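So the protein sequences, as listed, match chains Y and A.
Its first residue numbered 1, the first sequence is counted upward by one per residue in the working numbering.
Its first residue numbered 1, the second sequence is counted upward by one per residue in the working numbering.
There may be inaccurate statements among the hints.
Sample of chain Y residues facing chain A (criterion: CB under 10 Å; computed from the structure) [claimed, not checked]:
1) TRP200
2) SER201
3) GLY325
4) ALA327
If you are wondering where the hints come from, they were derived from the structure by calculation, not from laboratory data.
On a predicted model such as this, the values are computed, not experimentally measured, just so you know.
For each residue, glycine too, the CB sits at the ideal point set by N, CA and C.
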Amino acid sequence: MSSASVSPPIVKPRSLSCPNCGAPIELRGFAHTLNAVCPNCLSVLDATSPELQILQKYHSKHRANPAIPLGTKGTLAGVQYQVIGFQVREVHVDGDTFSWDEYLLFNPYKGFRYLSAYQGHWNFIKPLSALPIEVRSIGKPSVQMLGRNYVGFDTVTAKTSFVLGEFPWQVRVGDSALVQDYIAPPYMLSSESTNEEVTWSLGEYITGDQLWKAFQLSDKPPGAAGIFANQPSPVQGKAGSAWRTWLWLNVALATIAFVFSLFSANRNVFDNSYVFVPGTKAEASFVTPTIELTGRPSNVEVAVHTDLINNWAYFNFALINDETGQAFDFGREVSYYREDGETEGKQNDSVIIPRVPSGRYYLRVEPEMDTKPGTAIMRYDLSLRRDVPRYTFFWIAALLLLIPPIVTSIRSASFEAARWRESDYAPAGSSGGDD
Amino acid sequence: MKNPLFLVYGVMMIGLSSFAHYRGWSFSRINEQKISPKSIRDNPGAYRPTYGGYSRYVGGK
């Protein structure tokens, strides 16, 4: 048995001369090439005829330069391709002309692929042999291919305005085709319809940096402008994920708040009733009996309940540690008015004193009221509770937790809005695909 | 996990709010001062509170 290995055939480009200007022409697509374009005079030649019959002469002075030179080799999706053709195509919308570049790539074993470039946005495209299935939908048209839904983006008539290199089809400047694009970022499904045929292709968005690296180009790729049809959103899928994370964080927050409330002492440590007679010369201030506060440093709620009607009162309070002399000063106003069924203010109020260390305390109380003659006396209750569950910080945390998912959702929505502004299905009031 | 930063942020928020709750932090404006408890007990009217930020109520309607 022979152990000699079989080497792949050495393939060399075919060199010919342009019958119009005599410039040398290299053909890299072998028998696949139907038309070639002279790099010098830009005449379209019939590559299948031995004498390279001239099919079309180029009369315009406009000459486009491909950003990736013809003959450049690069590896995409693990396959080495060579750039063998280049064309510029354009559409006319509302009197404006928009153009994009298309590169034809060739690998002797894999066949042809394409690159499209529009304002720094690139797509690596492969022709499809299968047809997508049309999906019934309300609003935008959509098709399905290999289990993925593609939504209709735009339909334009594209006209070829410049060609260079070689092509496996009959190419002419002025050729036109109806192009329909369907997107499922980062993919784009496109159909090109002419009188003779309909072809489908699948493109995948690729950045200029990735492409330049693949083709080992020394300069920098042109910067991407705007948002392209199938450009993947930087926050694609993140908004839903952010809301799911938000939900779980809120469940955790509520659980912790519940556990704290379970372990809060919430103990009534003082309760008494008093009467205040305004306008008397007697000293209004007094102190309560000693109140024992135990446990870790935690809050104390001082609540006052009055029987005020159409009157006001002000309470000066000081919670004083009997042993250390530490005093917590605070005041509370209570006012309640009612007239013709309408009310204002309330008869009760409370205040939370944070972080009160354990110890023996008493409360100094100094009520004040209007000193006008005839002011009614006030009956009021004072109560103190130790370690009252408060949820202020948990509510603040819940609000702060809303920020990331809201920001992500806004970013996602604004990106998608910018994307669809360029389509045939732009929302009313936007530019509607006219740019 | 598509939002690792959000998760870290969320855990920090929950941790901070739990810590604030446990330590009894509050937005209430309470003044603390050192006084002689005995003098207040004996003469409550001699005590003059200092309400930093609290304005004394001057009456209703």
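Against the structure, the hints come out as follows:
1. TRP200: Violated. Min distance 32 Å.
2. SER201: 30 Å, violated
3. GLY325: At about 5 Å, which falls below the 10 Å cut-off, the nearest Cβ of chain A leaves the hint on GLY325 (chain Y) intact, so it holds.
4. ALA327: With Cβ-Cβ at 5 Å, under 10 Å, it holds.
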